[in-house]
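Number 346 in UniProt numbering belongs to position 346 of the sequence shown; there are no gaps in the numbering.
Zero decoy hints are in this set.
Cross-link-like lysine to any residue pairs, in silico, SDA-like; alpha carbons within 25 Å at most:
#1 54 to 84
#2 61 to 11
#3 390 to 290
#4 465 to 503
#5 146 to 310
#6 204 to 353
#7 218 to 166
#8 70 to 80
#9 401 to 308
#10 54 to 106
Label pairs and their in silico Cβ distance ranges:
#11 81 to 287: 42 to 50 Å
#12 599 to 330: 37 to 45 Å
#13 260 to 614: 54 to 62 Å
These are computed hints drawn from the structure, not numbers from a lab.
For each residue, glycine too, the CB sits at the ideal point set by N, CA and C.
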Amino acid sequence: MHGHGVFTWADGMKYEGDFVNNLPSGYGTITWPSGSSYTGEIYKAIRHGIGTYKCADNGVKYTGQWNYSKRHGQGVMYFNEDKTSWYKGEWEKNNRVGYGVRRYPSGNVYFGEWKDNLKHGEGSMKWLNLGQEYVGTWQDGIQHGKGTHVWILRRTDISQYCRSNRYTGDFVQGQRHGQGTFFYAGGATYEGEWRSNKKHGKGKFTFKDGHVVEGEFKDDQMITPDVFGNRSLTPLCGVCLLSGSAPSSILGPDLALNIDSLLDLLPEKRRNIERKQVEFALLRNNAELRSIYSFYSRLGSAGSLDNIYLLSRLQLWRLLKDCYLHHHHHVTLTQINHFIKGHTTTTESLSPFTSIPLCGLLSCLVIVAYHIYSQDMQSERYVLAACVTKLLAGDILPHAKNVKGFLFGQSGLSAVAMIYIQRSWEAYQMFCRVHSAPTDEEEEKSMTYRQLLWMFKDLHLLDNKLTSVWLMRFITAESLDPNDLACLNMEISFLEFYEVLLCCAEVKCQRKKRLLSRSDSETRDQSKERKPSDSPRVPRTKVVGKSRRNVRTQVRSRSQSAEDDEEQERVPDTKVQALHEFFNQAFFPAVDHYQSITAFMEEEKVRRERKSSSGPQ
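All chains, please: the whole structure from these sequences, using the hints.
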């Protein structure tokens, strides 16, 4: 038997398709007596290549890659006829292994890494019926490691306020355990130690009015006496002080500005009128500023259960860069961080995940405007109002919403890039160094572009594909002068660090694009001469997400039908594949190796010092 034909076994099993040397090989359809069927590539009578299996009993359907009759590679499986329960992603010997998306019949969705059919690695889970979301590390199907869990509180009106409880920190076997911060919907926060989902150990509680207390907690209760004591308010830049702790604002109590650090620079008798005038300046542009906040707070987002979005510091950095503040005024994002730092810790001021409410954005714009334009506005009657008016008219309003950069500027890549942002942030912190004398108890660490170059050299990531020349192109991509090497000494934010990583992924790992499915005629012509080792390795499926984690790795809310999703699976995106390959096979393994070697060398150094100090025995 050689060529196209039909063969029926005695038990009723039927094959129709190509034959090579008396064996089903090429492209064909196998139908079992039960009614189940397989249509696709065949090699020596077994499923091998690309094909679709349909189970007659329960409506299960799999379309994707096969390796010796096992699901292996990229593929999508629907677990019911309604296609409300499915998995799209990587397979290994019939198991979900690698990166994939799982939608459950309830509507809950997991988006991330798998191992042996269990959620394992970095991933996000949305429980729509419970109104909860987790983004972080998983182990054997349970939250374990670093992560963020959000409890959305249903709103009973059209209030604009974010009403959600959020915990960010350590998890052990699905419970809050270790170091973590809990942000209460009412505005209070707790930062400290946890044990078995309860506050336990040393911690700091910040009330919504700004009062801060520190002490020992046990089983969710504070055991230190005199909770309130005589502590004064501790205002934080970007945090709105409520309950009468701030002067009355014409912008409303939710938008009271936190600009006391600027007002303290002015004569006391002019402070109230200066505050009022700057509020009037912002009120004149109220609609535009709200629109800008709404736009940027959605960048890279996978969707929100209650349609509430809070601007992150990462998104704020992108806004400031889009408005060319670094070009027009030669001010870096790191310098702006210092301007708006206020009383926040260094870690909070550098963290890309810090949430900034609308009043925080307005306060930041006023502070930045003063530092940029104050020298030019000394003759103005109201200095702060003049500065912020010039900033809005000349920088913010003309350029906002024209998103640039590799992270948010390329449609469809943001959702994938957010998967790796948490671990990349940890790597950034590891390679940061102290560049100036600390101004407070906490040392201020940062990174320069020169150190970024050294990091790539130390991690042995440079090769004939990713060269130092390419790296310099990425570093100077948003510079006024691409040939200006002085930028190597510039301190950079995490946004600039991460966008260089994303650019490097495309150069180092991008492969030649190939289609997942081909026409039947092409399959038949090529499969006759193909051996198992020649079976095409199809690039990973394109991940299409709406613009966003926060952070930070996210679940996507899809509106396409199941048929549209299946069609998208056939058009892989080599850029998406390059990101997965770069972070999983190059960058993170290199960082882990460097970290282990560094720790070993430190241990050896301590051991030798102890040996030399003990002297000869």
